[in-house]
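Chains as they are written, first to last, in this note's numbering: chain A, 1 to 164; chain B, 1 to 408.
These are calculated hints, taken from the structure and not from any lab test. All C-beta atoms, glycine included, are put in the ideal place defined by N, C-alpha and C. Be careful, since some hints might not be right.
Facing chain A, a subset of chain B residues (Cβ under 10 Å, in silico) [as the list claims (entries may be wrong)]: (1) G113; (2) V143; (3) R146; (4) E159; (5) P220; (6) D221; (7) A341; (8) A345; (9) E360; (10) V373.
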Amino acid sequence: MRTLLWTAGIAFLVGFYLSWTAGRLDRLHARVDAAWAALDAQLVRRAAAARAVAAHLDDASAGHALEEAATAALEARHDRRELLENDLSRALKASLPMLVQDAAGEAALAELETASTRVGLARSFHNAAVKDTRALRFRRIPRALRLAGRREMPQFFEIDDTAV
Amino acid sequence: MRIGIACPYTWDVPGGVQAHVRDLADTLIALGHDVSVLSPVDDPDRDDLPAYVVPAGRAVPVPYNGSVARLVFGPLSLARTRRWLREGAFDVLHVHEPTVPSVSMLACFAASGPIVATFHTATARSRALQVFGTALQPALEKVIGRIAVSPAARRVVVEHLGGDAVLIPNGVDVARFDGAEPLPGRDDRPTVVFLGRIDEQRKGLAVLLEALPELVSLVPDVRLLVAGPGDADDVREAVPASLRDRVELLGLVSEQDKPRVFASGDVYCAPNTHGESFGIVLVEAMATGTPVVASDLEAFRRVLEDGRAGVLVPVRDPGALAAGLGALLQDPERRARLAEAGRRAVRTYDWSTVTRQVVEVYETVAVAAPVAVDATLEAALPVGDEDDDDAGRLVTTLRRWMADRARR
């Protein structure tokens with residue numbers, strides 16, 4: 001009888017731990033998804049702002065290059081997003097000195113600055129969520145028992161967003 | 001934007017977090033946002049309760065982290081929190097100090113969607129985190145955007161919760177301080193001002209009193225103005241009898257009189273020994289235009305821009321403090337220069353600047369669906385609005401829910 005009670009007790013604890021950890025993983029993945037949605041939105045906003053800036057450069061070929069980088073970033077497939085967004089950062093860095101200093105140019109720059117700050121914030125929130133999720137998923141028991149199911153391992157998003 | 005803010009400490013009792021929430025809410029409303037603050041309130045009928053505050057129940061005093069915190073926790077508060085979340089339909093939920101077992105933690109627990117959390121404490125250990133660390137994690141893990149008010153608070157977040165936090169400093173209403181009139185009855189004797197609890201050792205009044213004899217030898221007609229609660233006799237005893245008439249004790253001064261106290265001094269002195277996470281008093285003195293002499297602590301060094309916007313002196317060193325104060329009192333030109341540098345430096349801390357940064361965080365996280373009541377909680381513990389005051393039924397439902405969860 002005692003053994004039975006012990007077994008039942010342990011089974012209960014194990015079950016509780018597993019269901020609780022699976023719940024945590026659920027919530028963490030939901031947070032990663034939300035944080036990615038936020039980052040995605042800010043990246044799109046930045047690319048749109050970069051296009052506006054491209055229209056106000058005093059060098060037509062630089063404007064064209066920036067326009068292309070922005071379009072490439074907007075249309076990037078998920079696995080190439082990081083690379084192309086980073087290219088956009090670099091293109092922005094190179095073209096900002098050529099910005100026409102009139103009212104429209106200033107407005108485009110202001111929008112780009114806002115968008116870039118938000119990309120920085122959203123990226124930091126996204127990577128924090130990814131870090132928390134990965135930390136739990138890489139623990140021995142969740143990994144061995146595949147508590148995360150078939151969900152993809154979330155990846156960090158690393159770009160240089162200090163351009164502006 | 002519809003913004004829901006959760007404040008963990010009783011609204012009726014003055015405190016740093018409450019003041020922060022109040023000023024943030026006021027500034028957000030002035031910017032045209034819709035704001036609702038959920039907070040424990042002891043007396044919901046008081047006249048000066050702002051219209052945006054939603055009482056979450058009476059707080060219970062609990063010894064916590066070495067002092068007495070007044071907290072709310074329980075089924076009734078949970079029901080009110082849920083109702084607030086449901087009726088508020090917020091675009092973003094902003095919880096303050098979610099590691100304190102109170103309204104903020106409940107809101108984290110009960111909500112899903114874009115949640116932002118601000119961490120205030122620089123204390124390395126939170127009792128709640130130590131005891132319930134793992135159990136609290138699910139609630140804290142929902143937070144998408146983390147804000148820390150100081151590098152020290154940010155370090156606590158990184159060490160205890162993992163992940164990073166964005167640094168957005170505490171705000172000060174600069175306009176309230178700038179151009180304040182000195183208190184009545186002032187003469188032109190050089191005056192050093194101290195503001196803070198006089199019996200709290202880390203505020204460092206003892207160091208300043210020890211420095212007084214030497215300061216008097218440098219600046220013979222110097223006067224010391226001490227504002228803050230505590231036992232005045234202790235202060236008098238710490239000063240040699242011949243110098244007692246130079247120390248004027250104002251006792252506890254009201255928030256309204258604070259700018260005037262700073263304005264009454266030629267120099268503001270912050271001889272703190274340790275444990276400061278931010279140094280908002282320094283910012284207030286600088287906003288008034290009073291040059292600051294402060295201990296060389298990390299937080300103060302940051303506010304004083306490494307000594308460009310104020311004088312830093314070695315910690316717990318009465319000799320150096322006297323020398324620093326004396327030199328500044330004898331040099332009006334340098335005082336004017338530092339006052340100017342201080343006024344410039346505090347612009348970063350003005351609520352308008354700070355709130356803009358906070359709104360940027362809101363707008364960054366609030367692109368997904370708005371805040372809703374957590375689906376798991378909603379399914380497991382269905383309550384109607386009329387249950388709000390029926391704590392008994394809630395306890396039963398909560399027990400049933402826990403039993404049900406345990407079975408699954």
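Against the structure, the hints:
1. G113: holds (8 Å)
2. V143: For V143/B, the interface hint holds, since the closest Cβ of chain A sits about 8 Å away, which is under 10 Å.
3. R146: holds (7 Å)
4. E159: violated (14 Å)
5. P220: Not OK, violated: P220/B not within 10 Å of chain A, min 53 Å.
6. D221: D221/B check fails; min Cβ-Cβ to chain A is 51 Å, beyond 10 Å.
7. A341: Where the cut-off is 10 Å and the nearest Cβ of chain A is about 26 Å from A341/B, the hint is violated.
8. A345: violated (22 Å)
9. E360: This hint holds: E360/B lies near chain A, its Cβ roughly 6 Å from the closest one there, short of 10 Å.
10. V373: violated (14 Å)
The earlier numbered hints that this structure contradicts are 4, 5, 6, 7, 8, 10.
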